[in-house]
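Undergrad: Here's the letter readout for the chains.
2 protein chains.
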Amino acid sequence: MISKALLTDLYQFTMMQGLFKENLHRTPCVFDRFYRKNPFNGAYTVVAGLEHVIDYLKNLAFNEDDIAYLRETGLFEEDFLEYLKDFRFTGTVYAAPEGSVVFPGEVLVRIEAPKDEAMLIETPLSMYLNHESLIATKARRIRSVAGSDSLAEFGMRRAQGTNAAVYGARATIIGGFNGTSNVYSAAQYGIKPVGTMAHSWIMSFPDELTAFRSYAAQYENMLVLLVDTYDTLQQGVPNAIQVFREVKERRGGTMPKGYGIRLDSGDLSYLSQEAFQMLKEAGFEDATIFASNDLDEHRIADLKSQHSAITSWGVGTKLITADGTSALGGVYKLAGQWDEAGQFRPTMKFSDNIEKVTNPGCKKVLRLINRRNRKLIGDLICLVDETIDTTKPYTFENPMYPWKCTHLEANSFDVIDLLVPIFEKGKLVYDLPKLPEIVAYANEQIKLLWPEYLRLNRPPVVKVNISQKLHELKQTLLLQKVKRNHHE
Amino acid sequence: MISKALLTDLYQFTMMQGLFKENLHRTPCVFDRFYRKNPFNGAYTVVAGLEHVIDYLKNLAFNEDDIAYLRETGLFEEDFLEYLKDFRFTGTVYAAPEGSVVFPGEVLVRIEAPKDEAMLIETPLSMYLNHESLIATKARRIRSVAGSDSLAEFGMRRAQGTNAAVYGARATIIGGFNGTSNVYSAAQYGIKPVGTMAHSWIMSFPDELTAFRSYAAQYENMLVLLVDTYDTLQQGVPNAIQVFREVKERRGGTMPKGYGIRLDSGDLSYLSQEAFQMLKEAGFEDATIFASNDLDEHRIADLKSQHSAITSWGVGTKLITADGTSALGGVYKLAGQWDEAGQFRPTMKFSDNIEKVTNPGCKKVLRLINRRNRKLIGDLICLVDETIDTTKPYTFENPMYPWKCTHLEANSFDVIDLLVPIFEKGKLVYDLPKLPEIVAYANEQIKLLWPEYLRLNRPPVVKVNISQKLHELKQTLLLQKVKRNHHE
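Protein chains in written order, with the UniProt record's numbering: chain X, 1 to 488; chain W, 1 to 488.
Since the hints were derived computationally from the structure, they do not count as laboratory data.
C-beta atoms are modelled at their ideal positions from N, C-alpha and C, and glycine is treated no differently.
Watch out, some of these pointers could steer you wrong.
Chain W stretches covered by chain X per the calculated footprint, using a threshold of three residues with CB under 8 angstroms from any CB of chain X [said to hold, decoys possible]:
| hint | segment |
| --- | --- |
| 1 | 153-167 |
| 2 | 188-197 |
Taking lysine-lysine pairs in the PhoX-like style, the calculated list, with each CA pair at most 20 angstroms apart, reads [said to hold, decoys possible]:
| hint | chain 1 | residue 1 | chain 2 | residue 2 |
| --- | --- | --- | --- | --- |
| 3 | X | K4 | W | K483 |
| 4 | X | K4 | W | K192 |
| 5 | W | K427 | W | K85 |
| 6 | W | K463 | W | K404 |
| 7 | X | K37 | X | K463 |
| 8 | W | K4 | X | K192 |
| 9 | X | K349 | X | K364 |
| 10 | X | K192 | X | K356 |
Listed below are several chain X residues computed to face chain W (Cβ distance under 10 angstroms; list not exhaustive) [said to hold, decoys possible]:
| hint | residue |
| --- | --- |
| 11 | M15 |
| 12 | S214 |
| 13 | V331 |
Could you put the whole structure together from the sequences, leaning on the hints where they help?
TA: This is the structure we're talking about:
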């Protein structure tokens with residue numbers, strides 16, 4: 001059976017062999033992963049997917065079937081295939097932890113590795129991070145309009161395959177969801193499995209009331225009754241109230257936690273408000289009103305603004321497929337390499353398109369946080385050896401726009417390194433957090449942003465500056481390039 | 001390790017246990033899978049994903065870890081968990097083969113199974129078919145504008161997880177693509193792996209010409225040179241021509257098959273036409289001009305209409321994520337069940353929304369094909385015991401719109417059953433076709449449609465009628481429902 005080591009683009013292998021033949025394959029180099037544009041027209045991205053990248057890198061090795069397949073393609077020679085047999089990931093990786101709130105242009109993963117290793121891993125690393133960050137971001141947008149309501153991920157049947165469903169469900173938890181209907185994902189990641197009732201359950205009984213009663217007898221502690229099968233207000237809600245009364249009496253006057261009704265069709269605003277009135281009049285005003293049906297952040301925001309009485313939401317298709325932005329365009333670019341004399345040579349991609357010019361060198365991201373209100377002042381992309389002395393006044397500025405600067409007083413702000421060490425020379429040095437720790441970190445991260453940055457459309461732009469030193473390096477390389485062009 | 005048996009929604013399990021407790025779980029019933037709206041505003045959907053459904057059903061069984069997890073949730077009782085230990089899929093499945101071109105409302109999978117089995121499988125069956133059919137359809141749209149050009153799937157790094165990449169690549173082949181850059185998928189499904197050259201290859205050498213030469217020395221038989229790293233027309237194409245001349249001389253005057261250049265940025269129409277002129281003047285007018293960069297069916301159609309000289313396309317993000325329609329909304333509905341006396345009771349879903357009323361009963365789809373030109377006349381949804389005698393004249397009509405009918409002469413048309421047997425009482429009876437056979441079938445299927453149905457936007461609607469008998473059954477059930485409502 002072939003292994004995940006083949007999970008990459010063909011040209012990564014042909015390039016690797018090409019470099020191998022030229023004896024350039026072990027050139028140490030630095031690659032940056034970053035993205036250029038926030039998904040969904042938002043102000044931020046929530047990082048997810050790192051756990052799967054780590055798992056991939058840790059286990060990266062070619063088995064006999066992998067090698068046999070590569071041989072079969074006729075593209076590879078025996079010396080290279082022999083070389084692959086002991087191939088492992090030996091690089092150093094720094095990355096923004098899962099749950100980090102990040103912005104365009106920032107280095108989110110820094111890879112220092114021999115060039116062939118760095119090339120091979122580009123495709124799967126990009127895939128995991130692009131996909132899972134996209135879903136976590138979509139989930140966070142939904143959380144940002146849902147307040148403290150309960151949010152459940154319901155999208156498996158429309159997901160783009162098993163991993164989209166399983167990893168996707170995990171990413172929604174990082175983005176602020178409370179549970180998933182996906183049992184596999186729940187089991188795998190210790191997520192709360194959630195679910196209500198199927199229409200086919202109701203239709204398996206002679207009438208709705210009998211169906212509700214049978215369900216209540218069995219699932220008193222997850223008593224959410226689906227009320228829209230026949231007629232929501234004429235029949236569904238009255239039948240639910242009838243059963244709630246019976247349960248209440250059976251339990252000596254108390255109701256089980258989380259009991260309520262589910263709406264899955266019709267106008268959710270109107271139906272929820274009417275249902276709430278009926279429940280309230282019957283003494284069940286604390287009943288959960290759970291809604292589903294093609295929801296996303298925009299529809300939930302609308303329903304909230306129309307005073308719907310919904311307190312719990314099931315979000316499926318549009319969440320698990322990241323409707324609106326089908327892919328996060330994360331890229332992976334060479335930022336420098338060491339020459340034969342051991343000298344580091346920063347490199348950058350030039351482009352006629354100014355925003356496609358990359359940042360050269362071995363970089364990191366410093367996050368400046370206001371010490372008083374714990375809000376983000378902005379992020380600074382700088383070279384790895386740079387520091388900021390927070391005991392002194394500091395001018396936070398972008399050398400490209402020097403008039404747009406922020407003066408910070410001494411001891412008024414904290415500085416945090418966004419990237420943390422994950423692998424050091426191939427060895428995993430990162431203590432993988434459990435999902436609840438990631439969730440706690442993610443919830444803290446989003447609080448760094450003022451509410452206006454959570455706006456669904458046209459939010460303000462979070463300040464991300466580059467350091468003076470990085471700016472100078474960039475200018476030097478641009479000038480060298482201009483001179484080279486004139487010379488040619 | 002938990003198994004794929006947990007790949008479903010939690011409520012499927014709670015409903016299953018509920019029916020188990022009521023001893024209703026083994027009620028034989030019929031479920032239909034169908035969809036209501038074509039993706040991408042097109043006229044059709046291409047079926048894919050059946051192979052993964054079959055694999056899932058064949059291997060469906062709960063292992064000890066699955067049972068242990070379900071126990072852990074606290075929702076399930078020991079008698080039910082004990083029951084799950086020997087649980088297998090024992091149902092009968094009829095389905096439209098992969099590659100079939102299908103239309104809204106048609107039964108695409110018919111499941112006859114005990115109710116608990118039919119419920120459990122709903123979620124994964126829907127997921128595989130929704131996802132893979134969506135990608136195959138997107139690919140077919142791209143193929144429909146690309147003519148006989150070569151099409152390569154390049155989307156792995158932006159796919160929504162591993163399965164989206166691996167199964168997705170397979171689906172693009174069913175939709176008419178020629179190859180994929182995804183090595184894993186290529187190995188798994190015997191697809192042609194394709195790839196060109198990375199920008200980081202060019203940047204690993206002192207200059208572009210050296211990089212091209214090194215590549216040509218190693219990969220003469222996949223000699224596609226990436227010409228946009230520095231300056232496409234000033235430098236990239238001239239360097240490529242230089243290397244082509246050297247290769248030609250080395251080979252005694254012939255060029256290797258498929259040699260050419262790749263454009264990955266800039267205005268692809270202008271650049272391809274200029275590059276073509278330069279190649280032509282140098283005697284390389286048969287060079288492949290390969291293009292990539294955020295392509296989809298609309299952009300390719302535009303480039304074609306502007307006489308671009310591109311002959312080969314690499315399509316990534318927008319294909320592998322089905323940009324434009326993030327999910328195919330396939331649904332799965334109860335169509336009938338057998339009562340305790342063994343009598344079949346057709347059921348249907350009523351809805352205020354007319355197009356959401358489902359078709360009751362045990363159904364199939366007959367495909368009427370014009371014998372002379374082999375074009376599709378239309379599809380008929382009917383009950384399983386219905387037949388059409390092609391030796392007699394036949395009126396193809398929809399009882400709901402009797403004025404829109406087509407009179408067919410005797411012996412002027414053929415009738416084909418769209419659905420084929422896949423499982424009979426749990427036993428796989430379908431001889432799984434290899435991918436090339438599926439591709440051949442898919443290519444024949446699309447030819448059933450006149451070209452206007454392949455139009456990207458606002459194509460005409462393919463005729464799908466329901467039979468007189470099915471119409472009558474529907475009317476009877478609707479009338480019963482109306483009477484019941486009055487009675488209540």
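Undergrad: Checking against the hints above, which ones are violated?
TA: Going through the list in order, the structure violates hints 3, 10 and respects the others.
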